[in-house]
Amino acid sequence: MINSLDPRIKREQINEDNTIAPLTEMDQFETYEVFHQKKRGDQHVHVGIVHAPNAEMALLFGKEQFGRRGLSVNIWVVKTSNVFASDYDDADIFETVPEKQYREAGGYKVMDKINKYKKENKA
Amino acid sequence: MYGNAYIDPNEKANAMIAGEDPIKLAEFEARIARGEKIEPKDWMPKEYRKQLIRMIEQHGHSEIIGALPEGTWITRAPGFKRKLALMAKVQDEVGHAQLLYSAAETLGKSREDMINDLITGKSKYSNVFNYPAYTWADACIIAWLIDAGAIINQVANAKGSYGPYCRALDRICTEESFHLKYGHDNVVTLATGTPTQRKMVQEALTRWWPPIMHFFGPSDKISSHTEILMRWKVKMASNDDMRQQFLNMYVPKIWDLGLVIPDANLKKNEETGKWDYTEPDWDEFKRVINGGGPCNAERLAVRRMAEEKGRWVRAALLRKDEKYVTPLA
Ligand SMILES: [Fe+2]
Ligand SMILES: [Fe+2]
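Top to bottom, those sequences are chains A and B. Using the numbering used here, read the first sequence as starting at 1 and increasing by one per residue. Using the numbering used here, read the second sequence as starting at 1 and increasing by one per residue.
It should be emphasised that the hints constitute simulated quantities derived from the structure, not laboratory data. Take these hints with a grain of salt, some might be off.
Straight-line alpha carbon distances no greater than 30 angstroms define the calculated DSSO-like cross-link-like pairs of lysine-lysine that follow [what the hints assert, rightly or not]:
1. Lys46/B x Lys79/A
2. Lys286/B x Lys10/A
3. Lys63/A x Lys181/B
Since we're looking at a predicted model, the values are computed, not measured.
Put together the whole structure using the sequences plus the hints.
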């Protein structure tokens with residue numbers, strides 16, 4: 001019998017060799033991906049997973065695991081099996097041309113031209 | 001031993017990469033050298049996967065088992081505020097285990113298998129949790145100094161190469177800063193309190209010093225095996241380096257409180273800039289880690305009881321159409 005310092009454990013009268021049947025597949029359920037929103041107006045951000053038997057409990061566990069301190073206004077849970085992801089091996093799909101300045105605001109420098117024009121046209 | 005890579009001194013370094021595709025291995029190593037993270041579905045050497053699973057899983061078990069000696073004190077913590085704080089800390093530790101188990105799961109080991117390996121004694125956890133928390137002061141020393149050690153280990157590992165483990169550790173480290181402050185506050189309260197309180201905290205420190213010195217594990221043998229794990233950013237610092245870092249940060253803080261560390265040889269060597277100390281008793285460490293400590297049997301028996309008691313609830317909630325897929329990240 002376990003003679004614990006912890007009165008709660010002592011009361012349980014646990015045997016030292018209390019072998020149990022091993023946990024079987026799905027004992028811990030499937031997983032849900034958790035998305036957390038800190039405040040209204042923010043994007044929901046993926047923060048991790050929880051194991052849960054259903055969406056309601058996934059929300060509960062998600063709140064306990066990822067929303068127990070700091071700001072939180074909302075969480076989403078999505079079954080992992082419902083998420084479709086691209087493959088890291090296909091990362092080259094994100095490579096088009098190396099030079100993408102034409103997509104950036106910084107790729108358009110008008111002040112040089114304006115200043116040059118002003119200088120040349122100063123009476 | 002908390003979450004540091006374990007190196008089998010008998011394993012040959014070239015056995016670690018035997019049979020691996022040299023081109024893929026070179027790409028993998030180049031990615032790590034560039035400071036990029038490895039993600040779950042990436043190609044990785046078998047030994048990288050194996051070491052990470054072992055390390056992250058043990059780290060997760062340590063969080064769960066570590067909650068037991070501290071949990072003992074929730075109902076008896078002095079005052080409502082400390083009960084609340086300790087409850088929050090213990091909940092954090094259990095949450096850490098969940099985060100770590102999830103990270104290990106992405107490498108292909110199910111949570112069921114990890115729990116089975118814990119409760120049958122196949123997997124290890126941090127040796128410090130095989131010692132009991134006799135008094136409230138023990139719980140305070142744990143919260144301050146054991147968590148301090150854990151932080152040093154976790155901050156180092158958070159710079160490792162495996163993305164899910166790093167993300168879990170970043171989240172964990174944020175919470176650990178509360179544990180550390182809470183623990184320090186409690187120790188300071190006792191150390192600056194009545195003679196009885198001072199005596200109590202001194203006795204707890206004396207009891208916990210040897211396990212604290214054991215915490216980072218024995219000196220690593222410098223081998224080509226270690227070098228590979230360091231190159232792969234699985235092992236981020238040597239056990240001795242982490243122990244030195246701990247001594248550097250916390251011995252002055254302990255001495256500030258006028259507490260006595262039970263090691264007459266402990267002092268900073270001005271020449272080397274490192275701490276000299278009496279070599280910890282590694283035979284005792286081995287004896288305890290192999291089941292001979294005061295609480296090994298209790299810790300595992302309690303875990304088995306908890307699994308067994310919750311089993312019918314989980315069985316009742318399980319729906320037949322459910323299917324497990326490996327978590328994404
Ligand atoms: Fe923790
Ligand atoms: Fe902690």
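Hint check:
{"no.": "1", "hint": "Lys46/B x Lys79/A", "verdict": "holds (29 angstroms)"}
{"no.": "2", "hint": "Lys286/B x Lys10/A", "verdict": "holds (28 angstroms)"}
{"no.": "3", "hint": "Lys63/A x Lys181/B", "verdict": "holds (25 angstroms)"}
Violated hints are absent here; each numbered hint is respected by the structure.
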